[in-house]
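Starting from the structure of chain P, add chain C where the hints point.
Top to bottom, those sequences are chains P and C. Residue numbers for the first sequence follow the working numbering, beginning at 1 and rising by one. Residue numbers for the second sequence follow the working numbering, beginning at 790 and rising by one.
There's no promise every hint is true.
Stated by the list, open to error - Partial chain P-side listing against chain C, Cβ under 10 Å, derived:
1. Leu391
2. Asn396
3. Ile661
What the hints assert, rightly or not - Away from chain C, derived, C-beta distances all over 10 Å, residues of chain P:
4. Asp231
5. Arg416
6. Ser471
7. Ala485
8. Ile658
9. Asp714
10. Gln738
11. Lys744
12. Val767
These are calculated hints, taken from the structure and not from any lab test. All C-beta atoms in this analysis are idealised placements derived from N, C-alpha and C, irrespective of residue type, glycine included.
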Amino acid sequence: MDALVKATIESLCKKTLPETLEQLLLCLHSGLPLDDEDLVYNLKEGRELLTLLLQASNSETTAACFQDSASTLDSKHERAKKFHIDSATSGNSRASEELTTDLSKNENAPLSDDEAYALLAEMDNMEGSAPAPQAPQSQSQASLDMDEDEAMRLLAEMDEPVAVATPPSVTPKQALKQVSHHEEEHAEALFELDDEALVEIPEWEANEFQRDPSMLNDFIVNTDELMQTLDETILQLEQDPSNKKIIEEVFRSAHTLKGAAGMFGFKGIERVMHRMENLFDLIRKEKLLTDSRTIDVVFQGLDILRTLLTAIKDGKPCGVATVPIVEALGLAARGKYAATSKKSAAAPAAVTPEPARENSAPKAPSEDDGKVQKKKEPKEQSTIRVDLERLDVLVNLVGELVIDRSRFASIENELRTDYPQIKVGSNFSETVQLFGRHMNEIQDIIMKVRMVPIGNAFNKFTRVVRDISRSLDKKIELTILGEDAELDKTMVEQIGDPLIHLIRNCCDHGIEMPDVRVEKGKNPQGVIKLSAAQEGNHIAIKIIDDGKGIDPAVIRRKAVEKGLISDEAVLTERDILNLIFEPGFSTAEKVTNLSGRGVGMDVVRRQIMKLKGTIDLESRLGFGMTVTIRLPLTLAIVQSLLVKSRGETFAIPLNSVIESIRISPKDIQKVGDSAVYKLRDNVLPLVLLEEVMSLAIRDDQTVARAGKSKNRSDRLFVVVVGHPEHPTGIIVDQLLNQQEMVIKPMGPLMRNIPCVSGGAVLGQGEVVLVLDVPEIENIGRSRSRQSAA
Amino acid sequence: MFNIVGELDGDHNARDFSQVRQFIGLLVEKEEFLLPIEVTNEIIMMHQMTYVPRAPKFVDGVINLRGTILPAINLRKMLGNASTQFNGQCRIIIARCEDFTVGLIVDGITYVVALSQEELQVQTLKNKGTGSELISMISKRGNQINGVLDITKIVAETGISYHEEDLDEDAV
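Next up, chain P with everything else stripped away, as it sits in the complex (with noise of 0.2 Å):
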């Protein structure tokens, strides 16, 4: 026989086959009229590819069977109908969901079931024996007994309840009789199925994809993301867990995941994912109800799933058991949830302290949910990865070409002023002109493109929120607003850790126990309120909430007791305020797992003082506290305040700049070898910039000491620097401008240089030096701590 045609045969019988079969089971289950001329239709071309197949076929028996089998199948299906006919007229057709109840239901009619059943079984008959059309006679009688057992596989595979239970060899008749015991058979099946995942499997399985470095990198940054979505639909979920659409997200990221983890092999994550996956299909079927009970099972497997991808990242299993998860999502499908908790605590795998499940607490009121809702839906981005270095390559370039079109125009300008017996003609300047605003542009676009919104840091923190509100017993909503506000990438990267430490605090410091929060009148539900928003050339992050604030007075108190300031000290409320900041000081009574170690705040302030940021304290004591964090954009573009002095031009970054004041030397005075300036009742440490830089030595001329007065000029200029609390002057001659610069790292070389901290190109090409604040701070304070002793 024609290969092709075969081949054309099998799909096409493959192709019908199954359909007819679904529309058989479709009338049988369901006992709606079904459409009669799609099942005639499909019943013929059956018919029409077996007669095809005896044409080609040399096996006389085969095809006698076959031809028997049509037949059959067609007066089968008259009957069906008209069985059809009759359980309408008998008001039996009533349509319901379960599978099983339409089953019993169905026993009212036996002989017409039977009949149902014979027919399926002669369809599949056909389907077992028609992709194997030449095998030999004697064969193919015995396939076709076999083909019954094949029957009651495929009837089992689409009615779960009665695949447990038929043993391969049972008639359908047995088949029905073992239904109407369908409902232990299920539990049973349940069980077994348990049983199965109590086995623990190896959590990887070596194979190709697996070892291809760069599939694997592509599969750790596509499951990066999917946890993060699978994370943010959850949340959404919980709040409203009848809405389809966050539910078939949900489906489809689980989904998604776990084809990717099959496929390289990973088999503990496939099989937690698979169990998931199962979960959320009851979820999306309406069998089961979504409550935080639930929802926390689900976020325990996503926590183990993230240890399990962490291992991937590090290159190898990190043994944790999938048993105890796997039990628990089982058991969750099932809607028991009395053992979870101590199974789960079981397992190590837990990232965030897991409250206990027993005790669960009630869902947050639903006036709040419409606030979640109303955060508008991701808009859809279409978005190519690139590499961050080549990026930076470019970004690199980009500059370049800014410096080049400087010069461009001061070669126009020279040309046109300097020698005019050349005529330039405006063509030549147009060009220069456009090009530079064309540069412009492109300086504009390239410096966005490394932005990315910083909604990508804040919305794990509904996640840290809700975990930290359960296991303190708290309630507590978190509002996001801004999130659209863009920040560097590396930014965004790094500000995630101090934003999760300051939340934290709100939650365990700032707000109050519920019934204290009713005494004092308050909502019972505390609000933290994380926003970002473009002030400028900053960003300013606010974290807000509604809880106790700080006393200062306890802070004072605190601080003394530790020894950090001394008793009679004068301090603004804003000075004590910061004095949370300081190593070691904790206002926490007792040490938790939260906080309360006094380590937070001060490092906190060391990360965003690393991003050249700032943060600030507010607190309206009994009414909540501000933390207000203020980033520049980028690191890559600094804005710096130029300074001169003797002839060099240095730059100090403006984040550290407090402000700048001219004196006049003889205000200067000396304690000891050190110059001091009293500045608004503080004494300010004074160090002079040609001498720390060593410069006066240079120029070969005697060193000039601050203090001594030099005939420069009656005035002098200082750069106040440092920290508010502590500041530090630096003397400088000149004051030049504030300017946008890239601060670029001088080399191996040069790494080493005192008081510098990079170079930096300006526009015309020429470097200068950018000046390391705090270790001229250094020298200014090791000075007066000298003079003191």
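Frame of chain P; chain C shown alone:
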């Protein structure tokens, strides 16, 4: 624009170039030195230089090479007692040393020469005059004898980070 003076070995086409090494001839004061061509990236005109206070020895400052900030080592200071001002013939050779790049300020560039193994002699001259410690080989071309500079030795001579005392000497 690089103004390379002299021939580019144009008349030596017949030679087997796989057997030779190429060198850039450079002038410090009036003396000619050679630098292996493998370590040189490019030669640029004298550049606007930024003075760096308390920089390592012999580092005059930093230059901006298309956005990259490089230290410029003054070979004239290192090899002689050059206090004369830079003139129009002065060039900066951008050279690689291990994984970083430095600029070398020289009084001029002569030409590129190709030398066979016979014309080179591994020879170190310890304390035999100014700058002799920077030489790792001697080249013999007819009557002409030139020292071949070793870039790693030049960089070491500046006394980077691990020579703290040098730093201090320079600063005081």
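(Q) At 10 Å, judged by beta carbons, does arginine 416 of chain P keep clear of chain C as stated? (A) holds, 24 Å
Q | valine 767 of chain P non-interfacial with respect to chain C [C-beta, more than 10 Å] | A | Nearest chain C Cβ is 4 Å from valine 767 of chain P, so the label is violated.
Q. Beyond 10 Å from chain C, beta-carbon-wise, is alanine 485 of chain P?
A. It holds; alanine 485 of chain P is separated from chain C by about 29 Å at its closest Cβ, greater than 10 Å.
(Q) Min Cβ distance, asparagine 396 of chain P to chain C: is it shorter than 10 Å? (A) OK, holds: asparagine 396 of chain P within 10 Å of chain C, min 5 Å.
Q) Does the no-contact call for lysine 744 of chain P survive, Cβ to all of chain C over 10 Å? A) violated, 5 Å
(Q) So serine 471 of chain P supposedly isn't at the interface. Is its beta-carbon more than 10 Å from every beta-carbon in chain C? (A) The claim stands: serine 471 of chain P keeps its Cβ more than 10 Å from every Cβ of chain C (closest is about 49 Å).
Q.
Quick check on isoleucine 661 of chain P please, does its C-beta sit within 10 Å of some C-beta on chain C?
A. violated, 24 Å
(Q) Minimum C-beta separation from aspartate 714 of chain P to chain C exceeding 10 Å: can you confirm that? (A) Per Cβ check, aspartate 714 of chain P is outside 10 Å of chain C; nearest 27 Å; holds.
(Q) Given leucine 391 of chain P as an interface hint, is its Cβ closer than 10 Å to any Cβ of chain C? (A) Result: violated, 15 Å to nearest chain C Cβ.
Q. Is isoleucine 658 of chain P truly not at the interface, in the sense that its beta carbon sits beyond 10 Å from all beta carbons of chain C?
A. Correct as stated: the minimum Cβ-Cβ distance to chain C is 24 Å, above 10 Å.
Q) Is the nearest CB of chain C more than 10 Å from the CB of glutamine 738 of chain P? A) holds, 20 Å
**Q.** Reported absence of aspartate 231 of chain P from the contact zone with chain C (all CB gaps over 10 Å)
**A.** The assertion about aspartate 231 of chain P holds, with a minimum of 40 Å to chain C.
In the structure shown, a violation is registered for the earlier hints numbered 1, 3, 11 and 12, in ascending order.
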